[in-house]
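Participant: Here is how the chains run, residue by residue.
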Amino acid sequence: MLEFILEPLQYAFMVRGLAAAVAVGIVSAVVGTYVVLRGMAFFGDALAHSILPGVAVGYLVGGGAREPLFWWALVAAILSALGIGTISRNTKIKEDTAIGIIFAGTFALGIAMISTVDGYTVDLAHFLFGDVLAVRSGDLSLIGSFGGLTILLILVFYKEFLVISFDPIFAATLRLPVRLLDFLLLILIAVTIVVSLQAVGVALMVAMLVTPAATAYLLTKRLPIMMALAATFASISGVVGLYLSYYWSIASGSAIVLVCTAIFGLVWGGLTIFRRVSN
Amino acid sequence: MSIFQELKKTTRHLSRGQVHDHDPNAPILRAENVSVHYESGNALEDISFELIPGERIAIVGPNGAGKSTLIKVVAGVQTPSSGKIQIFGHHPDGHICIAYVPQRTQVDWNFPVTVADVVMMGRVGKMGLFRNPKASDWQIVQKSLEVVSMGRLAKRQIDELSGGQQQRMFIARALAQEAELILMDEPMTGLDVTSQDEIFKILDQLSKENVTVLISLHDLKMASERFDRVILLNKELLAIGLAEDALHPDNLLKAYGGTLQLLPTDKGMLAFDDTCCEGEHDHA
Chain A
476 MLEFILEPLQ
486 YAFMVRGLAA
496 AVAVGIVSAV
506 VGTYVVLRGM
516 AFFGDALAHS
526 ILPGVAVGYL
536 VGGGAREPLF
546 WWALVAAILS
556 ALGIGTISRN
566 TKIKEDTAIG
576 IIFAGTFALG
586 IAMISTVDGY
596 TVDLAHFLFG
606 DVLAVRSGDL
616 SLIGSFGGLT
626 ILLILVFYKE
636 FLVISFDPIF
646 AATLRLPVRL
656 LDFLLLILIA
666 VTIVVSLQAV
676 GVALMVAMLV
686 TPAATAYLLT
696 KRLPIMMALA
706 ATFASISGVV
716 GLYLSYYWSI
726 ASGSAIVLVC
736 TAIFGLVWGG
746 LTIFRRVSN
Chain B
130 MSIFQELKKT
140 TRHLSRGQVH
150 DHDPNAPILR
160 AENVSVHYES
170 GNALEDISFE
180 LIPGERIAIV
190 GPNGAGKSTL
200 IKVVAGVQTP
210 SSGKIQIFGH
220 HPDGHICIAY
230 VPQRTQVDWN
240 FPVTVADVVM
250 MGRVGKMGLF
260 RNPKASDWQI
270 VQKSLEVVSM
280 GRLAKRQIDE
290 LSGGQQQRMF
300 IARALAQEAE
310 LILMDEPMTG
320 LDVTSQDEIF
330 KILDQLSKEN
340 VTVLISLHDL
350 KMASERFDRV
360 ILLNKELLAI
370 GLAEDALHPD
380 NLLKAYGGTL
390 QLLPTDKGML
400 AFDDTCCEGE
410 HDHA
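Top line first, the protein sequences correspond to chains A and B. To convert a position in the first sequence, counted from 1, into the numbering used here, add 475. To convert a position in the second sequence, counted from 1, into the numbering used here, add 129.
The hints are simulated quantities; they were obtained by calculation from the structure and are not laboratory data. Model, not experiment: these values are computed from the prediction. Hints may be right or wrong, so weigh each one.
[Unchecked claim] Dumping the calculated DSS-like pairs for lysine-lysine here, alpha-carbon to alpha-carbon at most 30 Å:
{"no.": "1", "chain 1": "A", "residue 1": "LYS634", "chain 2": "B", "residue 2": "LYS350"}
{"no.": "2", "chain 1": "B", "residue 1": "LYS383", "chain 2": "A", "residue 2": "LYS634"}
{"no.": "3", "chain 1": "B", "residue 1": "LYS213", "chain 2": "A", "residue 2": "LYS567"}
{"no.": "4", "chain 1": "A", "residue 1": "LYS634", "chain 2": "B", "residue 2": "LYS255"}
{"no.": "5", "chain 1": "B", "residue 1": "LYS284", "chain 2": "A", "residue 2": "LYS696"}
Pulled out of the complex, with its shape left as it was, chain B reads as follows (with noise of 0.2 Å):
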């Protein structure tokens, strides 16, 4: 984007005219042949795919199948090559209803900001410019604390806390901001079995608020279990659907190929991927 462009945005952020109303007939996400191209080769392959409100979804796939790209995109973060991402009919750059969590590998911990602060950050957007935090933006980011139930730990110094904690403090972040899409790139990467559900129950709870959740995972057995769809990755869009459709055996061998593992079961074929987690490297 030029910096003339960016002006314009700017222009735009000042009068704070920006944000698109929502078409109410328009699915949340719509992606329509999205390709991303890289010099040293295709990150994704004409992806297509629609969203439905308050769903849960998760986006599987082998290291490198493009899973924090198609985050990123979906963000509005990244323009695609080809095709087009729309949110609720308009273009994602437009919208400050979709909220990113970023990998935790990716944050710095040392970062000198309490819990607070970084909630705060989500109304930053809605505040606009010239503007400074009112007693009702700090009641809102308490209020999204205690959501996540981390309402004590509001003081607290951001590397003080565990990786659940660290994960739950960006969802209330993402509820500050009062957004309707949540996008979360690998949340449960090293957290333990406690911590994960923990985040599942909140996630349940912003289900039924209809708050559409889009993650992407290693983990093909907490897909199958926890999401109400799937999406299977690699650069191609293989498979969307019901877990028990989108990985199917079939499917997964396309994707994995080699690196799968088969396992049958009394709960039917498992599948396992064993390529190991700290985070894909996607070119950023």
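Bound conformation, chain A alone (with noise of 0.2 Å):
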């Protein structure tokens, strides 16, 4: 058993993968609290989509380096939670169809910009899908330090969000910047799936917003423990996907939001089990 866990660990590239992996799972998953409670499930969905553009440009540019990525994909994903959020306000079309619009339009973009390459398909397949396993320490010091960033934010706004997301006509009689603080949210949630993009790729992401919070949001009726359950489901579903994928050889990326899953399917039936056999 010992051997089973530490064998993986003897290969550098894992051990990042998992740091990677839990830091990605933690990040997402207390963003991804906010996102649940608010219905922006969707919204997260399509931010992560519409930032295949940025991705493209900066693989276009940097040749295959990192760096560019990740800075192309952090302006794409901050452009396109504005654009969504200005076009749903100025206009009277619905914010869903505005998603939809910017959502399918920034991606077709995307994949057009990506396919002028020859030989596109594999790293095609790379940004839609993920590879936790290649992670380089370069780009740890990225998911860590902008990780980080959004965590602390999340912390420091705290009071302000949680008015906000439960009544924001309330929020705005206490004179709160109720706007300033939505558009701040999305822009952490545009943060969180650019660090989270190298993990999961962007095709799965929602996944990691959505499944650890719900999983939470299933088990308390406190906030700050919603978090720091989903934080928990988030990570360990890090690490078990990564044996997964190392030992059966699937997918990093789709192993992790799988795990995610699951764990999310154990809690909704046992609770269905437990309500049933109470009663």
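Using the hints, put the two chains back together into the complex; each one sits in its own frame.
Facilitator: Structure follows, in structure tokens:
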């Protein structure tokens, strides 16, 4: 058993991958708590897809280097977060329609750009589904610093985010800058997505945002506990997912997401049975 | 409001200098020729009135009369298309003495917070950014809950409350906010008579402490029996004053038209509207 656990750890790429998976899991679970409570799952999914053109520019400009990918993705994510926020506020178009338009349009642009490169399918798959085992130490420090900053801001603005999410009109009567805080939250979701890009990729991102937080939501009715539980489930999923990936040769991103989903299923099923029995 | 303006507001919020001094000679609330226009039509037209400190005043009118819109304009969360609202002589934007109580149906009761968490939200404006609740804030929260007889329910989850308790929790939040003007949107809808009485008892107490309460209602009988003054609204302000004057059958006919039922009783002519209740559908 011990050998089963220790064997993968002799590879530096596994250790880096585990560190990245846990860090990404914690950040996206904590931010994801608000995504779940505010019903922003579709927004999160769309935002993840809409960073693809940014990734593409970084890919074309940097010729395979990692840093430009990160920065361009960050710019793209923040622009689309603000774009979606602005369109749905200022026109009669409903928010989900605005999201749909920007989401599909930018995703198509990203694919079009990446497809201009020969042999693009491999790289495209990498962006879409992530590869946490390819994380380098430079990536780790970016994940650590931006992830840490995101968590810090969520804690600093804890009571403000709580009020604007629970009762936005009341928040406005307290003269809180509701719109600004809304945008800040959108930007934090955007940063989280970029930080998690390498772990799970664009297509599976929404699972990291909503699944651990939703699992925690089933178990507690206190927001701080919900955040802690979500972070725990996400970390466990990252570690277990990577071991599954190592031993069964499953793509790492999908393994992590599958473990998240399995935990949700177990908790949901367990609670359903428990309620039946206790009634 | 532009992001730039919001930023300026935030800077003020950070320095905690945004709260206007109250002009003691100005009325607690003055509405001057307030109109709200939507693309689909007018919601409010040329509304003017003043409130008296400590009074309890009901806004009545048929569904779609603009009751919720008027409350949002007074709260300063919706800007009127023309006209202005003044609170103690200043734009409502600079005041944190106005408490807003939402319609119960607008609240997500599954939100993971306790009763005390919700009441603590009333302190957020006073605390300012980057500050955590202090022991004194928690004491205020507990005291506010005791005023509404919910001292023991502080740690309850909000989804375990009855309708009356939900409403009283929001009143406690207004108290924790140290509000001088409380705005309530249809607070009595769906409550049984006992719960309504409990709330009126609390409102009586607030009145004595000079807290002004503006409430939208659909129950005309309640408006006429339990409020100091009544505003009769149907996009325009049709009447304001003592219930017996404001709810004169001629006025009611103007407001409700065909949906009104008049009923002669020993208390005089009573009028009822038969439009139903679950929240009016104003444009948010």
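Participant: Are the Cα positions of LYS284 (chain B) and LYS696 (chain A) separated by 30 Å at most?
Facilitator: holds, 11 Å
Participant: Below or equal to 30 Å on CA atoms is what counts here, so check LYS213 (chain B) against LYS567 (chain A).
Facilitator: OK: LYS213 (chain B) and LYS567 (chain A) at ~26 Å, within 30 Å.
Participant: Starting from LYS383 (chain B), check that the Cα of LYS634 (chain A) is at most 30 Å away, please.
Facilitator: violated, 46 Å
Participant: Keeping to a limit of 30 Å between CA atoms, is the pair of LYS634 (chain A) and LYS350 (chain B) held or broken?
Facilitator: violated, 40 Å
Participant: Quickly compare the C-alpha distance for LYS634 (chain A) and LYS255 (chain B) to 30 Å and report which way the hint goes.
Facilitator: holds, 12 Å
Figure legend: structure checked against the earlier numbered hints; hints not met, in rising order: 1 and 2.
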